[in-house]
Amino acid sequence: AEAAARALTPADLERTDLRGPEADAAASAVAAQPGVRAALLQWQRDFGRTHGAVLDGRDIGTVVFPDARIKLFVTASAEERARRRHLELAARGTAADPAQVLADLCARDEQDAARAVAPMKPAEDAVLIDTTTLDADAAFARAVEVVEGKMAGLAR
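FYI, the numbering for the sequence shown is 16 to 171, going by the working numbering.
Only pairs whose alpha carbons sit at most 27 Å apart, straight line, appear in this in silico BS3-like list of lysine-lysine:
| hint | residue 1 | residue 2 |
| --- | --- | --- |
| 1 | K86 | K136 |
| 2 | K136 | K165 |
| 3 | K86 | K165 |
Pair by pair, the computed Cβ-Cβ distance ranges are:
| hint | residue 1 | residue 2 | range |
| --- | --- | --- | --- |
| 4 | P81 | Q115 | 33 to 39 Å |
| 5 | Q48 | D150 | 32 to 38 Å |
| 6 | R171 | A18 | 43 to 49 Å |
| 7 | A40 | L102 | 15 to 21 Å |
| 8 | V89 | E125 | 16 to 22 Å |
| 9 | D140 | R107 | 32 to 38 Å |
| 10 | A18 | D71 | 22 to 28 Å |
| 11 | R99 | P49 | 29 to 35 Å |
| 12 | R64 | A118 | 33 to 39 Å |
| 13 | Q48 | E95 | 28 to 34 Å |
| 14 | G108 | G50 | 31 to 37 Å |
| 15 | D145 | E125 | 18 to 24 Å |
Simulated from the structure, these hints should not be mistaken for laboratory data. What you are looking at is a predicted structure, and each value in this text was computed from that prediction instead of being measured. Glycine included, C-beta positions come from ideal geometry on N, C-alpha and C.
Kindly generate the complete structure, drawing on both the sequences and the hints.
Now the structure itself:
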């Protein structure tokens, strides 16, 4: 897993197999391995610094870019995230039981929040955006509103 992390390229991020149930199940366990985390951490930092980026992940604001000027912690209820994930899987033709999707999501949340290496948690200076009752357009609009407000404050 560490060698694969070191060989990662930006093109790899487009692979559809990285967005399926198998990848979801493996991601939490693999991310807890210190060697993999170290390799991915450097890759993420290099990518963000070289290209400028909006990055999402469970430790972006606390571990990968703790000094980022703008941090958002986007969340929703477990039930809503599971509903969205089930729709995403169905759109790709992947059959999944909604109750199992919810159970898997909750288990991953617990595992990621409790891991010793790069636990999932909001950065102290992150703006929390709860999207439970927002559609994608409204969530995006809220994020843009926060970023524009922060950018205006930074320009002063």
